[in-house]
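Given the structure of chain A, go ahead and fit chains B, C and D onto it with the hints provided.
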Amino acid sequence: MTRVFGAAPGLVRASLTVERGDLLLVRGPNGAGKSTLLRVIGTALAPTYGSGAVLGFDLALERDEIRRRTELLGHRTRLYEDLTAAENLRFACAMHGVALSAVPAALARVGLADVAKERVSGFSQGMRQRVALARALLRRPELLLLDEPYAGLDAEAKEIVDAAIAEALADGRTVVLATHDLQRGGTAARTIVMDQGRIVG
Amino acid sequence: MKRGRVVIVLAIVTGTLIWVATKGLSGNLIYYQTPTEVLHAGSSIVGERTRVGGYVVPGSVQASGAIVRFVVTDGTTRLSVINTGAVPALFSDGRGVVLEGTYGADGVFHSDTLLVKHNGLYTPPAPGVTPSSADLSGGG
Amino acid sequence: MTLVGQSVAIAAKDLRIEVRGRYALGSVLPFAGTLLVAFGLSLGPGRTLLAETAPGLLWLAVLFASVLSSRRAYEHEGEDGALEGLLLAPIDKAAVFIGKGIAIAVQLLALELAIVLLVSGLFDLSLAVAPLTLVAALFLGTIGLAAVGSLFGVLAEAPRAREAVLPLLVLPLATPVLIAGVRATALATAGRAGEAGSWLGLLLAFDLVFVSVGTLVFGFLLEE
Amino acid sequence: MVSSLERVAGRITAPRGERILGWATLVAMAASAVMSLVVSPPDAQQGNAARLLYIHVPSAWLAYLSFAVVFVASIAYLATRRTRWDRLAAASAEVGVLFTALAIALGSLWGKPVWGTWWTWDPRITTTTILLLIYVGYLAVRRLSDSPARRARWAAVVGVVGFLDVPVSYLSVTWWRGLHQGTTIRLLGESTIAPIMQVALMTGVFAFTLLFLYLVTVRLRLGRLEDRAVAEALSPRLGQSAEALLEQEASARG
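Line by line, the protein sequences give chains A, B, C and D.
Offset between the first sequence (1-based) and my numbering: plus 145.
Offset between the second sequence (1-based) and my numbering: plus 10.
Offset between the third sequence (1-based) and my numbering: plus 545.
Offset between the fourth sequence (1-based) and my numbering: plus 218.
So that you can see chain A by itself, here it is in the shape it has in the complex (with noise of 0.2 Å):
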């Protein structure tokens, strides 16, 4: 279960509840705080009033056990641009923990195995968000938070994305996804809309 409460930049107030294993789909006007409630909810931002737990640990307190669990997929990529595809995922592995072996098949997974040993810095932005998201696959992360992630992105790969929703799904995961894509998220078991840095609907 995950529940946050409070105020930060750009994030009036937000109260919010999500049951284990649910889709949680995020709507809203550009600029009405979905991304920082996602930034919140992944730790990546402190709330500057409030409090929450996500997943059970306390959002002040327990960010390393909150870290370990959750995929906080944004809007930047995060990848080294002087890389190659395959080395940044390796460092992502080794920063999480993760078994190297796990790389290939991610890249796989995002259709990007023959360029694997190609720097970052040639990518396409959609190239180069297939790789951010192969490094969301290289875990299982209990709580995937996805901010915007079919921005940019090609039909193929948009269907690589929500496989990776509908996975994670069915494996008892939680998700929330940000998005403006009205085609998408049709499964989910809630939807909340944003306004003005406030949970209006």
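In short, the hints are calculated from the structure, not lab data.
Warning: the hint list may mix true and false statements.
Only part of the chain A face toward chain C is listed, based on derived beta-carbon distances under 10 Å [stated by the list, open to error]:
#1 Gly-187
#2 Ala-198
#3 Leu-200
#4 Arg-214
#5 Glu-226
#6 Leu-228
#7 Glu-232
The beta-carbon is built from N, C-alpha and C at its ideal position, and this holds for glycine as well.
Chains B, C and D in isolation, oriented as in the chain A frame:
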């Protein structure tokens, strides 16, 4: 933050500071050399820019224009000095001074900067004496 | 994974990026070279003056190189938000400090090799008199500079960071390294290496304080 | 201990305490002026220039005092994450930078007639200058981040590390050179200052300490107002009620 780590770091930092502080007291490196050290070093430091510290030998001061000649001592050795730089108001017989300049082949120290080392002694003037040597009106 | 393993992984990643980006070779070294030539020109052709100031110039070049390298070490973390990736990884945050410190130190040592040769060529610094003391001074000084740079380099990635913040913090804090490094180098090159002991000790003390305190407090700088 | 300290601090920083402290400071400063300019005789060696002692030494004392306060408050902030510690560190650092600069400027004025130079690379002067630069850097770091919590954390780290650098840099500089006089007033052994001059000096130190407390108190009050204004700008509709809501939430959780 890990409690054990805090303890270890505290121990390292205090240990290090104590070690350096006690080591520093032996002080093998000083601001200035003494006349004995200068004469001892002799020709090896001729022409090299150094600092010399010592007390002005009473009665040795001779001023001629901007140039002041005097002798400094550390109690054992005397060293003749020719100073061409500015002379502070507090300069007088028996005073501690630090000189910057070069030791010449002529055995005289040629200084261009004369600093008076204040002894940290503050006393009222003797009765009937008006001290004016370093009055603020001149020094700012 | 342990603190050591994480630190090594971060250092290896940073060094790989540095080798590929050739920033140290392409920008920092030319900068240090220009600095030394400019010093030489500004001081005039007097050989004794140049030889006397050489240890100071050597360490100034190293100090500025350390600021540039520390800045660079965090620059590639900021380009696409990678620093957030390090933040969100369930690692001991001290590993970032140590790993980056190792990477900065290795780069600096490589740079110093070139800087020392340049200084010796340009300013007539005699390296062969007491090479061990010289190497020890450079090595110990580098650890201290890398620790300060690795600790505060992360601030240069702040959204509102100004270019001047890192040097403004690093230069005063690194004064002990500058003084002790210059004195030890001067003694080593003047054939009085025996007297350099306390300066090397001071460098070691600086390293111990900054590495240990940095390990303790770095998390506060990185943590959101 | 921390909580009782806070209680005392809370009493002083109340409007009434601040007013009383202000008047006490004014009286002490006046007493110090009379002591240094009228009661104290000129010095036998330096004449009236020695009167600079009565503001130079208290300024230097405040410099070290305020940075020690920054150090302690920074550690307290990192341990407790209470905003008040951060405000104390910030206020103390600002006052400290002011008085460090004053001590250096006065020392320079004094150095000219006594040592014969405006400036010399003496250990005390050099380390005090380094100290000034470190805390100018501290204040620069305080302007780096928009997030109050992050700004406080960063500043606290600089406050701790900067203070630890002082002994090391003091030693490095001491070994390097030394012209500044030693300690004039000694706790053990004989002082090298005449009793009446010592009284004048202590009056100055006392008056400046009160001035420090007063300035920090005023700065703390401004800091509190500033923080409230920022909090309100951050969440205009929440305003005052935010804290009430949070307390509700906290009690519901606890």
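Here is what the structure says about each hint:
1. Checking Gly-187/A against chain C by beta carbon gives a least distance of about 7 Å; that is within 10 Å, so the hint holds.
2. Because the beta carbon of Ala-198/A sits about 17 Å from the nearest beta carbon in chain C, more than 10 Å, this interface hint is broken.
3. At a threshold of 10 Å, the smallest CB-CB gap from Leu-200/A to chain C is about 13 Å, leaving the interface hint violated.
4. Here the hint on Arg-214/A is kept, as its CB sits about 9 Å from the closest CB of chain C, short of 10 Å.
5. For Glu-226/A, the interface hint holds, since its Cβ comes within 10 Å of a Cβ in chain C; the closest pair sits about 6 Å apart.
6. Given hint, Leu-228/A at the interface with chain C, holds; its Cβ is 7 Å from that chain's nearest Cβ, closer than 10 Å.
7. Taking 10 Å as the C-beta contact cut-off toward chain C, the hint placing Glu-232/A at the interface holds, the least distance being around 7 Å.
Checked against the numbered hints listed earlier, the structure breaks hints 2, 3; every other hint is satisfied.
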